[in-house]
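J.: Chain by chain, the residues run as shown.
2 protein chains.
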Amino acid sequence: MRVGVIGATGAVGRELVEVLGRRRFPVTKLRLFASGRSAGTRLPTPFGEVTIEEFTPEAARDLDLALLAVSGDFAKKYAPGLVAAGVTVVDNSSAFRLDDDVPLVVPEVNAAAIGDARLIANPNCTTAIAVVALAPLHKAFGIKRVIVSTYQATSGAGAEGMAELERETRRVLVEGEKARNEVFAHPIAFNVIPHIDAFQPNGYTKEEMKVVWETRKIMGLPHLPVSCTAVRIPTMRVHAEAITIETERPVTPEAAREVLRAAPGVKVVDDVANKLYPMPLTATGQDDCEVGRIRQNLVFGDHGLDLFVCGDQLLKGAALNAVQIAERIPALQVPA
Amino acid sequence: MRVGVIGATGAVGRELVEVLGRRRFPVTKLRLFASGRSAGTRLPTPFGEVTIEEFTPEAARDLDLALLAVSGDFAKKYAPGLVAAGVTVVDNSSAFRLDDDVPLVVPEVNAAAIGDARLIANPNCTTAIAVVALAPLHKAFGIKRVIVSTYQATSGAGAEGMAELERETRRVLVEGEKARNEVFAHPIAFNVIPHIDAFQPNGYTKEEMKVVWETRKIMGLPHLPVSCTAVRIPTMRVHAEAITIETERPVTPEAAREVLRAAPGVKVVDDVANKLYPMPLTATGQDDCEVGRIRQNLVFGDHGLDLFVCGDQLLKGAALNAVQIAERIPALQVPA
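Protein chains in written order, with the UniProt record's numbering: chain W, 1 to 336; chain A, 1 to 336.
Hints are supplied without guarantee of correctness; some may be wrong.
Chain copies aren't distinguished; within one or between two, either way the pair holds.
[As the list claims (entries may be wrong)] Capping the alpha-carbon separation at 27 Å, the derived lysine-lysine pairs in DSS-like fashion look like this:
no., residue 1, residue 2
1, 275, 178
2, 267, 178
3, 29, 144
4, 206, 275
5, 77, 178
6, 29, 77
7, 76, 29
8, 139, 77
9, 275, 144
10, 267, 139
11, 267, 144
12, 76, 206
13, 77, 206
14, 275, 77
Hints listed in this document are in silico derivations from the structure and should not be mistaken for laboratory results.
Here chain W stands alone, though its shape is the one from the complex (with noise of 0.2 Å):
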């Protein structure tokens, strides 16, 4: 299969090279795009080495399958015309996460929405990260009610974000200068930051209304409440978030705990006696989210649940799910 990643030189981007050769997907020619800048750099793949070419319409126009780590404008620009030249696109921005027709996927919870859809969109990280461990739980207890708090990695602003938090942090510790900003709205060395994206008029921000929306649309659960405080803390590439539930039957930690160990894409971490419990440094690499501190809740009683997840925010959070959905799309199965 023809494959190329658009928007090759991020964060997201180097990871989809990297998982698709630990995946062994099927790449017959792999094509790394990226801006002007990085063009004709040549760079070690797992399909060997291969030149950054400059991303136009027409040059990525003869792929089976294209990968996009890209800005939102820039997906709504080209995304159309690649699927209209019959390219198949599992875009990672939010340009089309909330269209009707445009399948929004985590294949643990929904690949049958995938469909005949040439056009898939691929997550927000915090929210693909909390479904994999809500949806089993849903399908066994009933979801009511969702509260989520986050801790954020850096890596969720890009590859600049985890350099931002690199050279501010030894600038505080190293230089003994106070700490600056470019990437984030406010210096994140030693600070916490509870502002993602813009502020809506609801006063969240559209990351916290992302994981709101996005949510419902994989959880096929259009009204089902929930609300998220977003918060960017120093670290590299590991989103953590703090969730309760209500659930609609009762759910006990033991009850729990069984079904989610059941769970495709789970990692339930969950030994408290044994200092074990999901954390960044444990989750960073790995594919399966972590789930654990899971306890019956004092707010909703036998009804409800806390319970902590971590996440990769550069794979389940981003390449790992968008190769993970293109492994699934009929459309590029080749029949046996």
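Guided by the hints, dock chain A onto chain W, whose structure is given.
T.: Okay, now just chain A, sitting in the frame of chain W:
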């Protein structure tokens, strides 16, 4: 007044000395007590240079006021004897907080609870910071349920906690080695650890249950449903908290802001258009707790709010609140 700071070399002890000076507490003689290791060291203070003494119950018995910044075990062993000797004690540990005959006080909320007590408990840092925002909201709208997720600074583990964050961050960034841990259960550099204090049989940590138990006691609501997820993150000295409340009566963000603007100990920082919201960066060294991101909750509708609170763990979460308690103790007031 003869004032002693017991545990004067720790992070909270050092802040206590600063706060006594800054608030012009009527100190006639300041004495600083620590372990034998530090005894003899001369320390500059706002009340002149003071030589640290090794703590013994005998040495401290002629104080009027003892501010304890020591472990719970130490407090349990020595506080009753000091009180019996006529010393008024404000204890920062958890030793007596839930004793029925010991007031647990955040002066903005329940100063009247002090009564004629000679031993007063200073609450858990996370709780103190939360209740300055929750109490006025309860008075205005009635609080039915509270869900808290915390972003707790390393200062919560004392000076050693902050030193470990700095040392281990350097180890990663400058020496290119893996972070290690002594104070915390796991490496804290670029990590989050959902584990503060010991795990309880119900799966919550003691830190989380302190928020439950102490919030109820301070607010005088023994059955208030409260749930908490307490998480250590790589910041220095401000605890942040994402708080969701359900209210008895309808509430709007505007009405809540008005109530909080009039509340003592609270600084409303809630102008998202100008990127103003609570952050450790701005709340560090501030007496007032920053409250912002106030919005109508998407889960409890017009009977709910989401908010974000930041308070300096060493000030309102510890030293400041202890001195504020001392200022309100009737037995210490000089008659006019």
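J.: How would you label the pair residue 275, residue 178 (within, between, both, or neither) given a Cα cut-off of 27 Å?
T.: Between. Shortest inter-copy distance 19 Å satisfies the 27 Å Cα cut-off; intra-copy 35 Å does not.
J.: How would you label the pair residue 267, residue 144 (within, between, both, or neither) given a Cα cut-off of 27 Å?
T.: Cα proximity of residue 267 and residue 144: one copy only (24 Å, versus 34 Å across).
J.: Regarding residue 139 and residue 77, is the shortest C-alpha distance of 27 Å or less found within a copy, between copies, in both, or in neither?
T.: neither (38 Å within a copy, 52 Å between copies)
J.: With identical chains treated as interchangeable, where does the CA-CA distance between residue 29 and residue 77 reach 27 Å or less: within a copy, between copies, both, or neither?
T.: Classified as within: same-chain Cα gap 25 Å, cross-chain 73 Å, threshold 27 Å.
J.: Between the shortest in-copy and the shortest cross-copy C-alpha distance, which are at most 27 Å for residue 76 and residue 206: within, between, both, or neither?
T.: within (18 Å within a copy, 49 Å between copies)
J.: Is it within, between, both, or neither for residue 29 and residue 144, if the alpha carbons may be no more than 27 Å apart?
T.: neither (46 Å within a copy, 60 Å between copies)
J.: Indicate which option fits the pair residue 206, residue 275 if close means a Cα-Cα distance not exceeding 27 Å: within, between, both or neither.
T.: between (35 Å within a copy, 14 Å between copies)
J.: Checking residue 77 and residue 206: alpha-carbon separation at most 27 Å within a copy, between copies, both or neither?
T.: Intra 21 Å, inter 53 Å, cutoff 27 Å: intra-copy only.
J.: If the cutoff is 27 Å on CA atoms, where do residue 275 and residue 144 land: within, between, both or neither? Let me know, please.
T.: neither (30 Å within a copy, 33 Å between copies)
J.: How would you label the pair residue 76, residue 29 (within, between, both, or neither) given a Cα cut-off of 27 Å?
T.: within (25 Å within a copy, 71 Å between copies)
J.: Check residue 267 against residue 139 for me: Cα-Cα at most 27 Å, and say if that holds within a copy, between copies, both or neither.
T.: within (18 Å within a copy, 43 Å between copies)
J.: Could you place residue 77 and residue 178 in one of the four classes (within, between, both, neither) given a Cα distance threshold of 27 Å?
T.: Neither: 40 Å inside a chain and 43 Å across chains, both beyond 27 Å.
Hint violations for this structure: numbers 3, 5, 8, 9 and 14, all remaining hints satisfied.
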